[in-house]
Every structure is written in C-alpha cells, then in structure tokens.
Amino acid sequence: AQSVTQLDSHVSVSEGTPVLLRCNYSSSYSPSLFWYVQHPNKGLQLLLKYTSAATLVKGINGFEAEFKKSETSFHLTKPSAHMSDAAEYFCVVRQYGNKLVFGAGTILRVKS
Amino acid sequence: DTGVSQNPRHKITKRGQNVTFRCDPISEHNRLYWYRQTLGQGPEFLTYFQNEAQLEKSRLLSDRFSAERPKGSFSTLEIQRTEQGDSAMYLCASSYRGGDTEAFFGQGTRLTVV
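Taken in sequence, the protein lines are chains A and B. Each residue of the first sequence is one higher than the one before, starting from 1 at the first, in my numbering. Each residue of the second sequence is one higher than the one before, starting from 1001 at the first, in my numbering.
Treat the hints as calculated values from the structure; they're not laboratory data. Please read these numbers as outputs of a predicted model, since none were measured by experiment. The beta-carbon is built from N, C-alpha and C at its ideal position, and this holds for glycine as well. Hints are supplied without guarantee of correctness; some may be wrong.
[Stated by the list, open to error] Selected chain A positions facing chain B (Cβ under 7 Å, derived; list incomplete):
{"#": "1", "residue": "G43"}
{"#": "2", "residue": "L46"}
{"#": "3", "residue": "L48"}
{"#": "4", "residue": "F90"}
{"#": "5", "residue": "N98"}
{"#": "6", "residue": "K99"}
{"#": "7", "residue": "F102"}
{"#": "8", "residue": "G103"}
{"#": "9", "residue": "A104"}
{"#": "10", "residue": "G105"}
[As the list claims (entries may be wrong)] Derived lysine to aspartate or glutamate pairs resembling EDC-like cross-links, with alpha carbons at most 20 Å apart:
{"#": "11", "chain 1": "A", "residue 1": "K42", "chain 2": "B", "residue 2": "D1024"}
{"#": "12", "chain 1": "A", "residue 1": "K49", "chain 2": "B", "residue 2": "E1102"}
{"#": "13", "chain 1": "B", "residue 1": "K1011", "chain 2": "B", "residue 2": "E1083"}
{"#": "14", "chain 1": "B", "residue 1": "K1057", "chain 2": "B", "residue 2": "E1068"}
{"#": "15", "chain 1": "A", "residue 1": "K58", "chain 2": "B", "residue 2": "E1102"}
{"#": "16", "chain 1": "A", "residue 1": "K99", "chain 2": "B", "residue 2": "E1102"}
{"#": "17", "chain 1": "A", "residue 1": "K99", "chain 2": "A", "residue 2": "D8"}
{"#": "18", "chain 1": "A", "residue 1": "K49", "chain 2": "A", "residue 2": "E66"}
{"#": "19", "chain 1": "A", "residue 1": "K99", "chain 2": "B", "residue 2": "E1068"}
{"#": "20", "chain 1": "A", "residue 1": "K99", "chain 2": "B", "residue 2": "E1044"}
{"#": "21", "chain 1": "A", "residue 1": "K111", "chain 2": "A", "residue 2": "E88"}
{"#": "22", "chain 1": "B", "residue 1": "K1014", "chain 2": "B", "residue 2": "D1086"}
{"#": "23", "chain 1": "A", "residue 1": "K49", "chain 2": "A", "residue 2": "E71"}
{"#": "24", "chain 1": "A", "residue 1": "K99", "chain 2": "B", "residue 2": "E1052"}
{"#": "25", "chain 1": "A", "residue 1": "K42", "chain 2": "A", "residue 2": "E88"}
{"#": "26", "chain 1": "A", "residue 1": "K99", "chain 2": "B", "residue 2": "E1028"}
{"#": "27", "chain 1": "A", "residue 1": "K42", "chain 2": "B", "residue 2": "E1044"}
{"#": "28", "chain 1": "A", "residue 1": "K42", "chain 2": "B", "residue 2": "E1068"}
{"#": "29", "chain 1": "A", "residue 1": "K111", "chain 2": "A", "residue 2": "D85"}
{"#": "30", "chain 1": "A", "residue 1": "K99", "chain 2": "B", "residue 2": "E1056"}
{"#": "31", "chain 1": "A", "residue 1": "K99", "chain 2": "B", "residue 2": "D1024"}
{"#": "32", "chain 1": "B", "residue 1": "K1071", "chain 2": "B", "residue 2": "E1052"}
Next comes chain A alone, as it looks inside the complex (with noise of 0.2 Å):
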C-alpha cells in the first residue's frame, strides 16, 4: 500500500526566505502524488500534483516539487516565503479508487 511521510511536524522560516517542506513516500508502482495546504477555517486547496509527466512541477503562489524516484522523495519547495502562507501542508498519495492518503501535515510558521 501506498503512504508518505512528512519528516517536520512544525516549520518556522522568517518571510523573505525559502521554503522547504519534506515529504517520503512509499508505493510499488509510479504514484501520483499531491500537495494540499489548509488554512484555517479554509477548505483543503490544492497546490500542485505529480502524475508521472515531468518531475519538477509547478504550483500555485510560487511552490514546486522536485519528484525524486531514487530518494522516494517529494518536497515542496518556495524560494520566497510571504506572511500568507503561514498554513498547514499535506504531502498526500493517491490509491486505486482516486482514493488519497494523507501525511500527518507540516505546520508553516512565516515569522516577520
């Protein structure tokens, strides 16, 4: 079965500085593979999806992922972090069915 994990529970950057947030996955096939960032009292929104086009793909307000076949990795990067990202992040694996397995999340602090 397919699952990732989130390696920070918690991130704090100053605003102006990047962004990284870690995610491993594990799966026996090419996954597809998902960041959603909940904001408070907000819906789940999706940032960007990897399904085996190209590997580094490109999101919403600046963030990409760099998917990483030989490190099982999936981070989610942003070179400039702005107040209003200050939300929680989770690295998410899609099963058969469309069905989505979620990380345990990572909460962004963006201090100023």
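Dock chain B against chain A, hints included.
Positioned in the frame of chain A, the structure of chain B alone reads:
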C-alpha cells in the same frame, strides 16, 4: 459558489445522540468521498461513492456510521450513538471518475461530542 458544500459547519452533541451531516458535491462530479480529520493528524479516508454506489468503506467506519448518496447527488453521513472519540472534522470531497483528476474538498463539519 459552485464548490463542495457541507452542512452544518459545526455540530455539538451529547454522547449517545445521533447526528447527520450533509455534503453537496460539485454538480458534475460522479465521485464523492468522506474523510475524517482529528487534531494534529491528516485526513483519513472513510468511504467513497461512484454515483449512488458505495464502492469502499474503511475499517475506520464502524457499524455506527452509515453513508448514503441517493440518486448520485448529495450525500449524508450519519453517526449513531455518538461517542467522545467521534469528535473530529468530517470532510467531504468530490471528483470526476478516473484520470488525473483533482479532488475538491468542502470546508468540513466539525463535530464535538460532549
């Protein structure tokens, strides 16, 4: 707003009572999913429908839980004889069947069992 709609947004109930939540998916989506999210955890899959057929149920879904999707449109999730451990955010999502389709999530129903 044509997104996924969930009602109510918040529900406080006494232990032992029954509760029912409603989800209205995006109208052209034929798949509908229920997830549960507890504090500090990612959402966990509960069940999903393709049109009106319930195709899979997680082991997390005890006998006290039942979900329906009559006519393949809106869905309801009922919890009977609620327990304090049922306190969580219940999320609904919808998508097209197949392909690289995105699941769209509602804002959830937060259940508190006192």
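Next pair to validate is K99 (chain A) with D8 (chain A); report whether the Cα-Cα distance is within 20 Å. Measuring from Cα to Cα gives roughly 24 Å; hence the hint is violated.
Assess, step by step, whether the Cα of K49 (chain A) is no farther than 20 Å from the Cα of E66 (chain A), and give holds or violated. This hinted pair holds, its Cα atoms lying about 10 Å apart.
A closest beta-carbon separation below 7 Å is what the hint needs, so does K99 (chain A) meet it against chain B? With a closest approach of 5 Å, the K99 (chain A) hint holds.
Straight-line Cα separation of K111 (chain A) and E88 (chain A) no greater than 20 Å? The hint holds at about 15 Å.
K99 (chain A) paired with E1028 (chain B) [C-alpha distance capped at 20 Å]: Cα-Cα ~18 Å, so holds.
Would the hint on G103 (chain A) stand, with a C-beta cut-off of 7 Å toward chain B? Holds: closest Cβ of chain B sits about 5 Å from G103 (chain A), inside 7 Å.
Given the proposed pairing of K58 (chain A) with E1102 (chain B), does the C-alpha separation stay at or below 20 Å? holds (15 Å)
With a cut-off of 20 Å on the C-alpha distance, tell me whether K42 (chain A) and D1024 (chain B) pass. holds (17 Å)
Given the hint that K1011 (chain B) pairs with E1083 (chain B), test it: the Cα-Cα distance must not exceed 20 Å. holds (14 Å)
If you take the shortest Cβ to Cβ gap from A104 (chain A) to chain B, is it below 7 Å? Holds, about 5 Å.
Decide if the proposed pair is consistent with the structure: K42 (chain A) and E88 (chain A), CA atoms, cutoff 20 Å inclusive. holds (11 Å)
Closest C-beta approach of N98 (chain A) to chain B relative to 7 Å, hint status: holds (6 Å)
Hint check: violations occur at hints 3, 17, 28; the rest are consistent with the structure.
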